[in-house]
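The listed protein sequences derive, respectively, from chains A and B. Oh and the first sequence: position 92 is 92 in the UniProt record's numbering, straight run, nothing missing. Oh and the second sequence: position 173 is 173 in the UniProt record's numbering, straight run, nothing missing.
Since the hints were derived computationally from the structure, they do not count as laboratory data. Keep in mind the model is a prediction, meaning the values are calculated, not measured. Note that CB positions come from ideal geometry on N, CA and C, so glycine has one too. Be aware that a few hints might be false.
Stated by the list, open to error - Restraint ranges, calculated between C-beta atoms of paired labels, are given here:
id, chain 1, residue 1, chain 2, residue 2, range
1, B, D245, A, D52, 53 to 59 Å
2, A, T40, B, F123, 21 to 27 Å
3, B, G137, A, Q148, 22 to 28 Å
4, B, S203, A, T40, 50 to 56 Å
5, B, K88, A, A55, 48 to 54 Å
6, A, A294, B, A202, 44 to 50 Å
Stated by the list, open to error - Pulled from the structure, derived: some chain B residues nowhere near chain A, Cβ distances all over 10 Å:
id, residue
7, G104
8, T191
9, A259
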Amino acid sequence: MQHGKYRFIVGFLVIPLAIYAIFVISPFVQAIYYSFTDWTGLSSDMKMVGFDNYARLFKDSVFWAAVGNSVTLLLLLPVVTLSLGLFFAFMLNVGGRRRKKAVIGGVRGSGTYKILYFFPQVLSIPIVALLFQFAYNPESGALNAFFQAIGLDSVQPDWLGDPQIALWCIMGAMIWANVGFYVVLFSAGMSSIPKDFYEAALLDGANRFNTFFRITLPLLWDTVQTGWIYMGILALDVSAFAFVQIMSVGPGGPDYSTEVLPLYVYQKTFRDGQAGYATSIGVSLLIVTLIFSAIVMRLGRRERLEF
Amino acid sequence: MSVQTTETPAATGRDGAGGKGRKGGGSGEGRVLNVFSHGVLIIWGLLVTMPLLWAVISSFKDDGEIFGSPWGLPSALHFDNWARAWDKANMGQYFFNSLIVVGGSLIGTMLLGSMAAYVLARFDFPGNRFIYFLFVGGMGFPIILALVPLFFVMKNMALLDTYHGLILVYIGYSLPFTVFFLSGFFRTLPTSVAEAALIDGASHTRTFFQVMLPMAKPGLISVGIFNFLGQWNQYLLPTVLNVGDPDKKVLTQGLVALAVSQGYKGDWSGLFAGLTIAMLPVLGAYIIFQRQVVAGLTAGALK
Numbered sequence: 001m002q003h004g005k006y007r008f009i010v011g012f013l014v015i016p017l018a019i020y021a022i023f024v025i026s027p028f029v030q031a032i033y034y035s036f037t038d039w040t041g042l043s044s045d046m047k048m049v050g051f052d053n054y055a056r057l058f059k060d061s062v063f064w065a066a067v068g069n070s071v072t073l074l075l076l077l078p079v080v081t082l083s084l085g086l087f088f089a090f091m092l093n094v095g096g097r098r099r100k101k102a103v104i105g106g107v108r109g110s111g112t113y114k115i116l117y118f119f120p121q122v123l124s125i126p127i128v129a130l131l132f133q134f135a136y137n138p139e140s141g142a143l144n145a146f147f148q149a150i151g152l153d154s155v156q157p158d159w160l161g162d163p164q165i166a167l168w169c170i171m172g173a174m175i176w177a178n179v180g181f182y183v184v185l186f187s188a189g190m191s192s193i194p195k196d197f198y199e200a201a202l203l204d205g206a207n208r209f210n211t212f213f214r215i216t217l218p219l220l221w222d223t224v225q226t227g228w229i230y231m232g233i234l235a236l237d238v239s240a241f242a243f244v245q246i247m248s249v250g251p252g253g254p255d256y257s258t259e260v261l262p263l264y265v266y267q268k269t270f271r272d273g274q275a276g277y278a279t280s281i282g283v284s285l286l287i288v289t290l291i292f293s294a295i296v297m298r299l300g301r302r303e304r305l306e307f
Numbered sequence: 001m002s003v004q005t006t007e008t009p010a011a012t013g014r015d016g017a018g019g020k021g022r023k024g025g026g027s028g029e030g031r032v033l034n035v036f037s038h039g040v041l042i043i044w045g046l047l048v049t050m051p052l053l054w055a056v057i058s059s060f061k062d063d064g065e066i067f068g069s070p071w072g073l074p075s076a077l078h079f080d081n082w083a084r085a086w087d088k089a090n091m092g093q094y095f096f097n098s099l100i101v102v103g104g105s106l107i108g109t110m111l112l113g114s115m116a117a118y119v120l121a122r123f124d125f126p127g128n129r130f131i132y133f134l135f136v137g138g139m140g141f142p143i144i145l146a147l148v149p150l151f152f153v154m155k156n157m158a159l160l161d162t163y164h165g166l167i168l169v170y171i172g173y174s175l176p177f178t179v180f181f182l183s184g185f186f187r188t189l190p191t192s193v194a195e196a197a198l199i200d201g202a203s204h205t206r207t208f209f210q211v212m213l214p215m216a217k218p219g220l221i222s223v224g225i226f227n228f229l230g231q232w233n234q235y236l237l238p239t240v241l242n243v244g245d246p247d248k249k250v251l252t253q254g255l256v257a258l259a260v261s262q263g264y265k266g267d268w269s270g271l272f273a274g275l276t277i278a279m280l281p282v283l284g285a286y287i288i289f290q291r292q293v294v295a296g297l298t299a300g301a302l303k
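The whole structure should be built from the sequences, with the hints applied where relevant.
Right, here's the structure in full:
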């Protein structure tokens, strides 16, 4: 029996573990090693250079531009996306006309709204990014055509071509793609909050804004925190890479105004042939990610409310 | 009967008390808020649907109309855009590649992920915790960091630009979440059923496939949807690992390659048709299975 058990355990674990070790763990470990070498990525020659790559980071202005943009995304993207998600979810669940007996009620058709809002979540990033790239196109894009149609001919921004606003344009697309998910997620959380809480608060004369900040938000805090980490990782990694790489001119431009850390890692490796240096950028990205998670966990530590 | 008669007056009494003090204010607030919330909600609804509708409408226009009147309706339905995108722009081929890669990796992820999760959740052996955290730790790391060495690992194993190479990588990067979610799920299943099967003489393997796996179906569906969407929409991994052979591109990279090349060739209507081809099947599937999709994705974020 005991023998059979171990054979079973090994048999079930060996293939998943092997795939995971070869394609996920070993590259991560190698990355940290490579960040101390001068490897080009083109040949197998490399030598240890100690902390040279990291020292070079401090003098690299593009790296700092990328750090700045990544941190901007990291701070603003979750705030805006989660706030909009909370706002719409609250509107859906509490914004309805008061019906008989029910103290609070959702708006009519809230199910339909949720289905619509979730649309962007099932589309791939390239589809969303390309759609917005067309909309932002200065010559024939939908946005400038719209401004022209309503008589604002003088307002014809260059959108993605203007270093002042390019990052905001990309952020707009990222927000558009993610809000719907949080509307649905927060709605689910809100509908499980007992109605008596709202009843009691309304009897005490609280208005809807007070009920939101005193009841809904505190009871939803765990979900908000999870969403925060999730959004932060999107802002630092895969999502930011894909949106910036597809939408921005350059990519990363104009004038490095949209350069973000994951894209810079990619460019240094595959465009400039500096794989060793690129991995040291990747390691700094990892450090930013870890600091971010630690801060969110610390800020989010609160009493758990049972209900 | 008596319960009902006592309850109704109490309920109306409470309603009356609530409304009495600020009757006018209360219902007025409700009405204003109702109009306001519908207004706000409709605006966001339009913001979400307009770009999608715009893409579908543009896919029926010719190039002149796309540039001349971006907001107008097409004068005639140019179905030839779709045919051109499917054949000449290779969208058909990319679609087929995505189907193979995602089909293979989804089956692999679910099978291997549930096997590992089952063993880690229900068997005690030395190193159990270590392996579990090894898997789960993969969720928090930036993938881009691993990509540089991964490219060379794949190159040395001659796995670049192959279906099976991409499938293995997709499986690898889907395992952390799958193992995490499913091991939580297997832990909640009753042990008595598995014990009964073992006493009846079933092997561990047989117990897993015939008893535990069917019991875990709700969890498997959630993770399955989560993984399907993630793998179907995957862009970063194929962009790095699948660059040599243009015919092996998956849908997402194919679309981007198409957009870049159309910038020079100027077949915008074909590109919109390509976008619509990529968009509609997923949206259609979502509308049909929206309950499961929403449950699957939100479970994924919460657990």
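Taking the hints in turn, this is what the structure says about them:
Distance hint check: the CB atoms of B:D245 and A:D52 are about 37 Å apart, inconsistent with the given range 53 to 59 Å. Taken as a hint, the range 21 to 27 Å is violated for the pair A:T40 and B:F123, whose Cβ atoms sit roughly 46 Å apart. Separation of B:G137 from A:Q148 is about 52 Å and departs from the stated range, judged on CB atoms against 22 to 28 Å. Taking 50 to 56 Å as the suggested C-beta distance range, the pair B:S203 and A:T40 conforms, at roughly 52 Å.
At roughly 51 Å, the beta-carbon separation of B:K88 and A:A55 lies within the given 48 to 54 Å, and the hint holds. As the Cβ distance of A:A294 to B:A202 is approximately 46 Å, the hint placing it in 44 to 50 Å holds. Its beta-carbon lying about 13 Å from the closest one in chain A, B:G104 satisfies the requirement of being farther than 10 Å from that chain. Every beta carbon of chain A lies more than 10 Å from that of B:T191, the smallest distance being close to 15 Å; the non-interface claim holds.
The Cβ of B:A259 does not lie farther than 10 Å from every Cβ of chain A; its closest approach is about 5 Å, which violates its non-interface assignment.
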